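Protein chains in written order, with my numbering: chain A, 1 to 133; chain B, 1 to 133; chain C, 1 to 133; chain D, 1 to 133.
To be clear, the hints were calculated from the coordinates, so they are not data collected in a lab. Bear in mind that the values here come from a model prediction, so they are computed numbers and not experimental data. Misleading hints may appear alongside valid ones.
Where chains are identical, the list cannot tell them apart; a pair therefore holds if satisfied intra-copy or between any two copies.
With a Cα cut of at most 30 Å, we get these calculated DSSO-like pairs of lysine-lysine [to be verified]:
| # | residue 1 | residue 2 |
| --- | --- | --- |
| 1 | 30 | 94 |
| 2 | 30 | 84 |
| 3 | 84 | 94 |
4 protein chains.
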Amino acid sequence: MYRTLITPRFSETDALGHINNTVVPVWFEKARTPIFRCFIPTLDHRQWNLILAGFNVDYLLPTYYGEDVEIRSGIHHIGNSSLKIWHQALQGGKVVAQAEVAMVHYDYEAESSTAIGEEVRLLLAELQDPRPW
Amino acid sequence: MYRTLITPRFSETDALGHINNTVVPVWFEKARTPIFRCFIPTLDHRQWNLILAGFNVDYLLPTYYGEDVEIRSGIHHIGNSSLKIWHQALQGGKVVAQAEVAMVHYDYEAESSTAIGEEVRLLLAELQDPRPW
Amino acid sequence: MYRTLITPRFSETDALGHINNTVVPVWFEKARTPIFRCFIPTLDHRQWNLILAGFNVDYLLPTYYGEDVEIRSGIHHIGNSSLKIWHQALQGGKVVAQAEVAMVHYDYEAESSTAIGEEVRLLLAELQDPRPW
Amino acid sequence: MYRTLITPRFSETDALGHINNTVVPVWFEKARTPIFRCFIPTLDHRQWNLILAGFNVDYLLPTYYGEDVEIRSGIHHIGNSSLKIWHQALQGGKVVAQAEVAMVHYDYEAESSTAIGEEVRLLLAELQDPRPW
């Protein structure tokens with residue numbers, strides 16, 4: 001499990017006075033940066049080899065502007081060409097949202113999924129952690 | 001089933017040359033406007049009585065700038081205080097993404113879910129449609 | 001002068017109950033699509049030849065969710081390699097925001113500005129209109 | 001002058017492979033948090049007393065994903081009820097964008113601007129710095 005700190009932006013609130021729900025997947029994408037680095041160490045988009053297959057997200061409590069949010073993330077499954085990632089967002093010590101994300105190692109030229117190599121697996125192993133729910 | 005037309009914005013693309021995945025939930029939220037109107041006819045945020053419980057989304061094909069996207073939406077389950085909604089995004093005649101969304105009729109002052117009344121149910125019934133997948 | 005209709009999204013509001021100020025430049029970028037088409041008829045990003053030099057924007061009145069916004073746009077100056085564009089956003093018949101935008105015809109490979117050709121000038125001329133303020 | 005560190009998000013890129021221009025005002029708004037705190041120490045949106053009058057922004061160089069951005073900010077003018085703020089975004093030691101922002105101390109109930117008090121002026125004075133261009 002690793003942590004990412006997010007300071008909510010005023011532009012991320014909505015008229016209900018909370019963080020808008022569509023912002024949470026943006027934060028979770030940002031929290032996947034260490035996973036992106038396992039596959040693309042330079043983060044150069046011209047070498048990108050990942051694609052998002054889908055995710056599910058649950059909103060447990062409202063999230064507010066004015067207090068930092070801690071994102072906890074881990075990889076809970078590494079398949080042949082895919083991986084499953086979990087995220088939890090905490091504010092004030094409480095889980096406010098959580099998600100499970102499916103990503104695929106992808107060859108954009110061949111337009112097909114491709115096996116994850118041994119070197120990348122070693123890096124991913126350091127981020128492995130069972131899903132906490 | 002009802003349709004919502006979206007013209008992708010250049011700012012919604014990302015460095016891979018597609019629409020960024022975090023944009024699709026934004027489009028789907030926009031496509032829920034007719035459902036919001038069943039609960040809050042004026043769309044006045046001070047009378048808002050809905051909360052998003054969660055959603056899952058699958059990305060089937062890349063979505064591009066420069067061609068309109070049709071969102072098809074329907075309500076496939078109406079419970080005592082909650083409802084389940086499906087969305088499909090189509091571009092060039094193909095389904096590019098789909099989602100299932102859980103919303104709750106909510107009293108923000110009492111901070112609890114609250115039963116959906118008969119008048120609202122009559123309006124929701126017009127948007128009912130089985131999930132197409 | 002040409003018009004673009006925008007339906008504000010709930011996710012574009014902020015905790016003050018208005019549309020967040022950072023959204024207005026996004027709407028104005030969307031309203032430049034007819035200008036983009038003069039330079040890149042297919043809107044294919046691989047053929048993009050425009051760069052934004054800068055803009056200034058004034059916020060005159062709050063903008064609300066629940067009512068459409070009309071964007072009026074025009075080109076008020078066409079230089080050798082650059083153009084100046086104005087935008088006005090109106091809601092309920094009143095101007096809520098306005099901006100002046102400088103764009104440059106740009107060769108991304110050569111990394112330099114490049115003269116606007118005659119064919120493009122003919123297309124741009126149809127969108128010319130003096131700035132209304 | 002004070003500094004704010006921004007780590008660009010993948011969702012903030014666009015199809016040209018750079019950070020989309022509409023993102024920069026979002027970063028600059030985030031960089032105004034210390035100024036917001038002078039007026040609203042809790043950052044509670046129900047006590048908000050600031051309104052954005054407008055800004056101008058210049059884009060000098062493309063900004064990329066994968067490298068942090070430093071925002072430098074200062075207040076270069078404090079009027080009776082308004083203030084002028086400058087921002088510079090630097091990446092790799094070079095200024096990539098800069099902006100000048102006009103904000104107004106505002107009473108949302110009375111719907112009018114209101115004089116900035118002495119206590120707030122003392123706090124603002126610590127963030128004063130001449131515009132560097």
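| Within a copy, between copies, both or neither: where do residue 84 and residue 94 come within 30 Å Cα-Cα? | both (23 Å within a copy, 26 Å between copies)
| field | residue 30 and residue 94: within-copy, between-copy, both or neither at 30 Å Cα | value | both (20 Å within a copy, 24 Å between copies)
| request: Measure nothing new, just compare the shortest in-copy and cross-copy C-alpha distances for residue 30 and residue 84 to 30 Å and report within, between, both or neither. | output: both (16 Å within a copy, 28 Å between copies)
Violated hints: none; the structure is consistent with every hint.
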